[in-house]
Structures are given as C-alpha cells and as structure tokens.
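Taken in order, these protein sequences are the chains called A and B. Quick note: the first sequence, position 92, residue 92 per the numbering used here, numbers continuous. Quick note: the second sequence, position 4, residue 4 per the numbering used here, numbers continuous.
No lab work stands behind these hints: they were computed from the structure. Be a bit skeptical, because a hint or two may be false.
[Stated by the list, open to error] Here are the simulated distance ranges between beta carbons:
no. : chain 1 : residue 1 : chain 2 : residue 2 : range
1   : A       : Glu56     : B       : Asn57     : 20 to 30 Å
2   : B       : Met29     : A       : Thr80     : 29 to 39 Å
3   : A       : Gly3      : B       : Asp31     : 20 to 30 Å
4   : A       : Leu114    : B       : Ser28     : 42 to 52 Å
5   : A       : Pro61     : B       : Pro82     : 36 to 46 Å
6   : B       : Asn110    : A       : His73     : 37 to 47 Å
The beta-carbon is built from N, C-alpha and C at its ideal position, and this holds for glycine as well.
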Amino acid sequence: ETGVTQTPRHLVMGMTNKKSLKCEQHLGHNAMYWYKQSAKKPLELMFVYSLEERVENNSVPSRFSPECPNSSHLFLHLHTLQPEDSALYLCASSHLAGGQVEQFFGPGTRLTVL
Amino acid sequence: DQQVKQNSPSLSVQEGRISILNCDYTNSMFDYFLWYKKYPAEGPTFLISISSIKDKNEDGRFTVFLNKSAKHLSLHIVPSQPGDSAVYFCAARTSGSRLTFGEGTQLTVNP
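One chain only, chain A, in its complex shape:
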C-alpha cells in the first residue's frame, strides 16, 4: 500500500449504530487530519493530530470521536449520528517541518446515515 488509505470506502448506517472509519498513511508523516465534505460546501476541518496528540478540534459534535493510536493510523468513531452527517469523510496526512506545505489525502469514506 502507498499513500493514504481509508476503509471502508462506503458506509450506510442507522442513527443508532456505532461504526468506525479507519485511515492509514504510508508516507512517514507526523500529522493526520479528518475533514468533512458535504455537497457543494468547502472541505471542513474536523480534527488535527500532531505527533499523535490532538491539537485541534473544530467544534465537532461529540458523536464524532477521533483516535490516533500511532503516527500511521487514525480512526473516527461514529455513534448516534444524524442524517445531516451524511457526507464524504476525508483523511489527510502531512509532514510538519522541513518546508512541506501540502497535505496528502486518502480517497475518502462516503457515509450515508439513514
């Protein structure tokens, strides 16, 4: 595997379900991110992890719970979601320091909440 991978690619869940999204980066980066992309809206930053510590939480509801067990893996635990949470969830990684600016994205998980 190369780059940033995300599983599952598609997820349909009911409002009472609990599920988790997984992200893995194979780039040796030290920062990871969760973004939400809703239809016709900009990507919204949800969480930032730097060196496995959460450094940013963008007023995200508590029904979204991130976990970063190590610098290569990032999870987003979902519980009691609402239909308006249906969106594309994108994971990204980057290397802080060394002048690198860009973030590298995974293919995303298309989430539908019924």
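Position chain B against the provided structure of chain A, taking the given hints into account.
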C-alpha cells in the same frame, strides 16, 4: 465567514486552450496558497503551491499567480487537456498546518 472563496462553480474550455481558475481570500495572515485537483471517487490531489512572498509559481502546464493587494490568486492550465477535467480546490494555510478550502470549481475540458 468564508475566508477562501471560489466564485465560479464551473468552467468549460476547449482542449488546447487556456483554463483560468480563480480564488479570492480575506485573511491577510495566510502564508501559503495551494491548488488541489479532485476526480470523482478519489481524494484531492495536490497540484501546486505558492508562498505569500511570491507572485508566480510555475510547474509544467500549471502556473499559479498571486495578487496580494487584491487578495486574489489564479491557476492557469496551458494547454488544457480532457484529462484535466476535475474539481479544482483552492486552499490557504495559516500558521502551522491548518488549511482553509474554497468550495471548488468544476473544470470541463471538451475535446
């Protein structure tokens, strides 16, 4: 408050011609600007960036221009190819690693 805006939701150009994608911003503290390309069912792919201290950066067919006084940047693609058809996102970076994205512009290059 949307700090990065792409006012054109779509753009259609002929193959071989120039594509110009535009982006406006409001925050003068942004230190880098980036362009990403996104195909359906894929994540955004980094294209090119520019530091706020420069006014132009070129990489092959892609050139980004920055006009700080107007708080405006643009991406030029010359010549445009059908494979360039995708959604293009403008993004801007404040200190650290936070990126703020625009809404995206759907570019269609017609053969």
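Going down the list of hints, with the structure as the test:
1. At about 28 Å, the beta-carbon gap between A:Glu56 and B:Asn57 stays in the expected band of 20 to 30 Å.
2. Between B:Met29 and A:Thr80 the C-beta distance comes to about 37 Å, which sits within the given range of 29 to 39 Å.
3. As the Cβ distance of A:Gly3 to B:Asp31 is approximately 26 Å, the hint placing it in 20 to 30 Å holds.
4. One distance hint, 42 to 52 Å for the beta-carbon pair A:Leu114 and B:Ser28, holds here, with the actual separation near 44 Å.
5. For the pair A:Pro61 and B:Pro82, the beta carbons lie near 41 Å from each other, so the given range of 36 to 46 Å is met.
6. Distance hint for B:Asn110 and A:His73: a CB-CB separation of about 42 Å, consistent with the stated range 37 to 47 Å.
In the structure shown, no violation is registered for any of the earlier numbered hints.
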